[in-house]
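K.L.:
Those protein sequences? They're chains W and R, same order as listed. Sequential numbering of the first sequence, starting at 1, is according to the working numbering. Sequential numbering of the second sequence, starting at 324, is according to the working numbering.
Simulated from the structure, these hints should not be mistaken for lab results. Fair warning: there could be bad hints in the mix.
Stated by the list, open to error - For lysine to any residue, the following SDA-like pairs were computed, each having C-alpha atoms within a straight-line distance of at most 25 Å:
(1) W:K77 to W:M99
(2) W:K255 to R:T464
(3) R:K627 to W:P288
(4) W:K139 to R:S544
(5) R:K367 to R:T343
(6) R:K588 to W:D213
(7) R:K588 to W:N89
(8) R:K623 to W:T19
(9) R:K367 to R:S544
(10) W:K32 to R:S511
(11) W:K18 to W:S42
(12) R:K588 to W:Q251
(13) W:K255 to R:K367
(14) W:K139 to R:S584
(15) W:K139 to R:P620
(16) R:K588 to W:H212
(17) W:K32 to W:Q251
(18) W:K32 to R:K623
(19) W:K18 to W:L3
(20) R:K588 to W:K55
(21) R:K588 to W:G156
(22) R:K588 to W:P141
(23) R:K588 to W:E41
(24) R:K588 to W:K59
(25) W:K55 to W:K139
(26) R:K588 to W:K18
(27) W:K255 to R:K627
(28) R:K367 to W:P263
(29) R:K588 to W:R73
In case you want the letters, here they are:
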Amino acid sequence: MALLEVRNLHVEFPLGRKTLQAIHGLSFALDKGERLGIVGESGAGKSVAAFSILKLIAKPGRIAAGEVIFDGRDLAKISDEEMRQIRGNRISMIFQDPMMTLNPVLTVGTQMVECLKAHRDISDAEAKRLAIAKLREVKIPSAEERFENYPHQLSGGMRQRVVIAIALLTDPAVIIADEPTTALDVTIQAEIMGLMLDLCRDHAVALMLITHDLAVVSQVTQKICVLYAGRLAEQGPTRSIITQPKHPYTQGLIKALPQQNEPGARLFQIPGTMPTLDDVPAGCAFHPRCAFADELCRREVPEPRPIGDHRVACHHAEKVASA
Amino acid sequence: MSDSQTLLSIANLRKQFRITADSWCGGGGQVVSAINDVSLEIRKGESFCLVGESGCGKSTLARTVMGLETPTSGTIAYGGTRIDDMNDGARLPYRRRMQMIFQNPYASLNPRMTISQTLEEPLRFHQPGLSDSQVRDKVVTVMESVGNNTSWLSRFPHEFSGGQRQRISIARALMVDPEFVVADEPISALDVSIQAQVLNVMMDARNERDLTYLFITHDLSVVEHFGTRVAVMYLGVVCELADTRTLFAGPRHPYTQLLLSAIPKMDGSEMTHDRMQGEVPSAMQLPSGCVFHGRCPHAKAVCKTDIPALRDVAGRQVACHFAEETG
């Protein structure tokens, strides 16, 4: 059985008379030690998916339907008290901006000890020993000194390492990382992603990596979900999603990357922009931007269906795949 | 050095920012050295890219070129005429010939002006003799040339997405028919599928109008696609300057090598790390000698004492004492 399984998840935000569907029927599974990438543009619902697993969606947003099965329990139904036992303990989260995640008026050490003592019944001395060991594990030099530092005394890359160390403190089964390297420079991004990859492998931690960067996802994960306007567009093994995309949106995203085009030539472009959630077109949400769209696409929402080892939400996936 | 093809030439440019005041008894305040002795030339028709990580001085260089900052020392010449020491009146014609596109299209458009007001303003300022109908015709022509719908003109910036706003910013820069456009990270705030759209608009404008670009970015895959020549900056100095193809075929400066190896690839390889030691030093206390020596795997004693000059090696310019050996 999968470690974490999301089944037919619907998340909605009531907004006056309207209700915005932020996530519409998303399903995926994550096995122990497996690495999954959630890819999409801003507003596609990537972060909402992550937040709803941890029940962190801001009110009035709510999980309208669906199940989030973790360790045999449905997280969508358990009490807040039970959820606190899981959040930050069995499932940890890493956010985009480490300066927003760390408390600026507490030392790194205080924050780490606080996290450990919230979930374990241990002494201060033992918590400090564990925390410093974790700082070493994420390759922070002179860990004892950094333990006493405030976040502003560390560089962006070091802060993100501290955040990773905190996420790993309680030996979680799953880490959800929401754009963990977007705020960092390329060379630091390569270090942090490499580090996360090693740590997940060494500790058999499952990783759910949320990003808009297809290249990063292709180097770190084993499978990918591509989201568009709150719905699944395509999911499958990373290699084959990158090399043989079967949804026109996935194809377009990959073809539009400069490294996939002849230097100096006009880039392939997907026309238009992703619709906002209050203005999702009828039928397939992607149809106004799609070269394959026909009457059927304008009328009927395509349900994800298996094609090879992918699941694709497109009426014309066979035609797209061979195009 | 400069021939008729050179459009912009920067010589020994330095820019320092004072971040604390001098003390009243005469002691010096703290100084950030953003640009340290940069010399480079941009030829007519080029798409010259400037790459580097945050804090390397690439945006400061662009702003200094545009006259938004005054250099601490050194000179900037445009079309053979020195422009950095001009007074505002003398500089005015150059402000028309040189335009800028900024990174954040949410901050660079005035929220209280309609798109047509935004586009008309530079034209009315630089060419006050034009009639209203001439101005309006020009606005429509430019909007259409970058593929923007002219129905946008009566609307306000908040009604547009990031990519649309950036295309409006491009249109604004093109309103006065510039020769030279500085684009400071024009696509990094945009979504992947929109980045391609905006890059295409910029490339079309280059082909139709014979533009010269100074394109600032941290995204090397965009450089490889868009740029003709590229300068890699690190802590306020240019460490390697080459034709784009030469650079990507075989970087010589250890920092360029590191930067290229850090680009995530889509060839099925896995992310690796620990290629680099340490972090970027502070621009307030520059390292002695080569600014990169603290992180460089090839650093020797001489790198800690002598600043390497930019010199010709293997068909490009490299600022490294051991450029012959790093290939």
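K.L.:
Give a verdict on every hint.
P.N.:
Results for each hint:
1. W:K77 to W:M99: 32 Å, violated
2. W:K255 to R:T464: 30 Å, violated
3. R:K627 to W:P288: Measuring from Cα to Cα gives roughly 59 Å; hence the hint is violated.
4. W:K139 to R:S544: 29 Å, violated
5. R:K367 to R:T343: Violated. K367 of chain R to T343 of chain R sits at ~40 Å, over the 25 Å cutoff.
6. R:K588 to W:D213: This hinted pair holds, its Cα atoms lying about 11 Å apart.
7. R:K588 to W:N89: 33 Å, violated
8. R:K623 to W:T19: Distance ~64 Å between K623 of chain R and T19 of chain W Cα, so the pair is violated.
9. R:K367 to R:S544: 23 Å, holds
10. W:K32 to R:S511: 35 Å, violated
11. W:K18 to W:S42: 21 Å, holds
12. R:K588 to W:Q251: The hint holds at about 17 Å.
13. W:K255 to R:K367: Violated - the C-alpha atoms of K367 of chain R and K255 of chain W are around 31 Å apart, more than 25 Å.
14. W:K139 to R:S584: 20 Å, holds
15. W:K139 to R:P620: 18 Å, holds
16. R:K588 to W:H212: The given pair, whose Cα atoms are some 14 Å apart, holds under the 25 Å limit.
17. W:K32 to W:Q251: 29 Å, violated
18. W:K32 to R:K623: With a Cα-Cα distance of about 46 Å, the restraint between K32 of chain W and K623 of chain R is violated, given a limit of 25 Å.
19. W:K18 to W:L3: Cα-Cα ~35 Å, so violated.
20. R:K588 to W:K55: 34 Å, violated
21. R:K588 to W:G156: With a Cα-Cα distance of about 23 Å, the restraint between K588 of chain R and G156 of chain W holds, given a limit of 25 Å.
22. R:K588 to W:P141: Given pair K588 of chain R, P141 of chain W is violated - Cα atoms ~28 Å apart, limit 25 Å.
23. R:K588 to W:E41: 19 Å, holds
24. R:K588 to W:K59: 39 Å, violated
25. W:K55 to W:K139: 31 Å, violated
26. R:K588 to W:K18: It is violated: about 42 Å lies between the C-alpha atoms, which goes past 25 Å.
27. W:K255 to R:K627: The hint is violated at about 45 Å.
28. R:K367 to W:P263: 20 Å, holds
29. R:K588 to W:R73: 38 Å, violated
Comparing the model with each numbered hint stated earlier shows that hints 1, 2, 3, 4, 5, 7, 8, 10, 13, 17, 18, 19, 20, 22, 24, 25, 26, 27, 29 do not hold.
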